[in-house]
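With these hints in hand, go ahead and build the complete structure from the sequences.
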Amino acid sequence: MTMFARTLLAATLLSAAPAVALAAPDGQQRPVERVEVAFVLDTTGSMADLIDGAKKKIWSIADEIRRTRPDADIRFALVGYRDRGDVYVTDVTALTGDLHGLYGRLVGYEADGGGDWPEAVNEALATAVNRLEWTDGGATRRMVFLVGDAPPHMDYIQDVAFTDTLKIAERRGIVVNAVQAGAAEDTEVAWRAIAALGKGDYVAIPQSGNVRVIETPYDQQIRELQLQLNLTVVPYGDRDQRGAVEDKLRLKAQAAPAAASDMASYEIRPTAPAARSVVTGGGDLVADVQSGEADLATVDRDALPEEVRDLAPAELEAAVKAKIAERERIQGEVADLVAKRDAFLSEAAAKAGPAEGDSFDGAIRQTIARQML
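The working numbering applies: residue 198 is where the sequence shown begins, and numbers increase by one.
FYI, nobody ran anything at the bench for these hints, they're computed from the structure. Errors might be hidden in some of the hints.
[Stated by the list, open to error] Estimated spans, in silico, between C-beta atoms of each pair:
(1) 354 / 451: 41 to 47 Å
(2) 451 / 358: 51 to 57 Å
(3) 450 / 470: 50 to 56 Å
(4) 436 / 414: 37 to 43 Å
(5) 404 / 336: 18 to 24 Å
(6) 242 / 522: 45 to 51 Å
(7) 499 / 414: 45 to 51 Å
(8) 369 / 435: 42 to 48 Å
[Said to hold, decoys possible] Subject to a maximum C-alpha distance of 16 Å in a straight line, what follows is the list of computed EDC-like cross-link-like pairs (lysine to aspartate or glutamate):
(9) 518 / 539
(10) 253 / 412
(11) 253 / 307
(12) 518 / 492
(13) 537 / 412
All C-beta atoms in this analysis are idealised placements derived from N, C-alpha and C, irrespective of residue type, glycine included.
Quick look at the structure:
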């Protein structure tokens, strides 16, 4: 370890206050109405395998939060980062409850760039803490996961050092975790410092991300039911909004069986049937009628797809009611299969032992489980 690295780590650990206890004194869960999670992800060339794993496991990670807080309002953000001189320094997807939309952005990421070793980590963290519209208040849990393999540039002019950004994060109640891909010593020093100042966890995982996809006997059935659920969606809104819904449905249909099962788990966990989404981000007439957000008597006919636009009012109402009934029937079947799949995965995890923490998704799920107490 270099003298600079030793000095940085020592100074950081001495200045970092003890981590705030996350559990309530009586052992009860603190009330949480909203959970906000930002992934700050190095998208340079060396991260190709891990990014591919993130695409496969984002729904599994989201489902861990749903499992812990099934009725919380959950929002995610994505900050992809590279370095100055690349196609972009940071690429931001704002905090949103539209996980299908965020998944589409993540699927579009291709690892590239990053000529020298350090990356724009400082700018990425500053972007996540200062530019994202975090919700204030004690009923919101706010978490950042920095995921990368290279240390920050500390030599850039007009840059905000992570030490300053993390002071702001602490004031705003944002916990910053650092997940290191690979075993570079200078990255470890920086990541440990970031986690200490961010009041979060430091986790080291293999460069590849070590993502493991466990197939279950229920995945294919769940995937087939997911495709049936897609048919209960009636896109509505302007042309762009209807197109966005159709794009999300196409992505869902293309998902591998295990990923489709993770999607289904996330979507089915809310206790209220009307809160169980088929596609997130709005634009589904059936969901909005079911939740009371849309009234068929006043809906703009021009906002409807052609196949239902010219139906008489009674016919439109009957068609939507039929889709609601079909959706609830299929979701009941999905819920039963998800419960069986959960039991299968729990048994598989018990047999595998503690190695899950060495994977990208396992490390993040375990961190979320601890910090959601």
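**OP:** Compare the distance between the alpha carbons of residue 253 and residue 412 with 16 Å, and conclude whether the hinted pair is satisfied.
**Re:** OK: residue 253 and residue 412 at ~13 Å, within 16 Å.
Subject >> Proposed proximity, residue 539 with residue 518 (alpha carbon, max 16 Å) >> reply: violated (31 Å)
Subject >> Restraint check for residue 253 with residue 307, where alpha carbons must lie at most 16 Å apart >> reply: holds (14 Å)
Subject >> Proposed proximity, residue 412 with residue 537 (alpha carbon, max 16 Å) >> reply: Holds, at roughly 13 Å.
Subject >> Distance restraint evaluation - residue 450, residue 470, Cβ atoms, bounds 50 to 56 Å >> reply: violated (23 Å)
Original post:
Does the Cβ-Cβ separation between residue 242 and residue 522 fall within 45 to 51 Å?
Top reply: Holds: the Cβ-Cβ distance is about 50 Å, inside 45 to 51 Å.
Original post:
Given the hint that residue 518 pairs with residue 492, does the C-alpha gap stay at or below 16 Å?
Top reply: Roughly 12 Å separates the two Cα atoms, so the pair holds.
Original post:
Regarding residue 369 and residue 435, is the given constraint of 42 to 48 Å on their beta-carbon distance met?
Top reply: violated (35 Å)
Original post:
Between residue 436 and residue 414, does the beta-carbon spacing fit 37 to 43 Å?
Top reply: holds (42 Å)
Subject >> Range agreement (Cβ of residue 414 with Cβ of residue 499, hint 45 to 51 Å) >> reply: Distance hint for residue 499, residue 414 holds at roughly 46 Å.
**OP:** For residue 404 and residue 336, compare the CB-CB distance with the range 18 to 24 Å and indicate the outcome.
**Re:** violated (38 Å)
**OP:** Determine whether the Cβ-Cβ distance between residue 451 and residue 358 falls within the hinted range of 51 to 57 Å.
**Re:** violated (42 Å)
Comparing the model with each numbered hint stated earlier shows that hints 2, 3, 5, 8, 9 do not hold.
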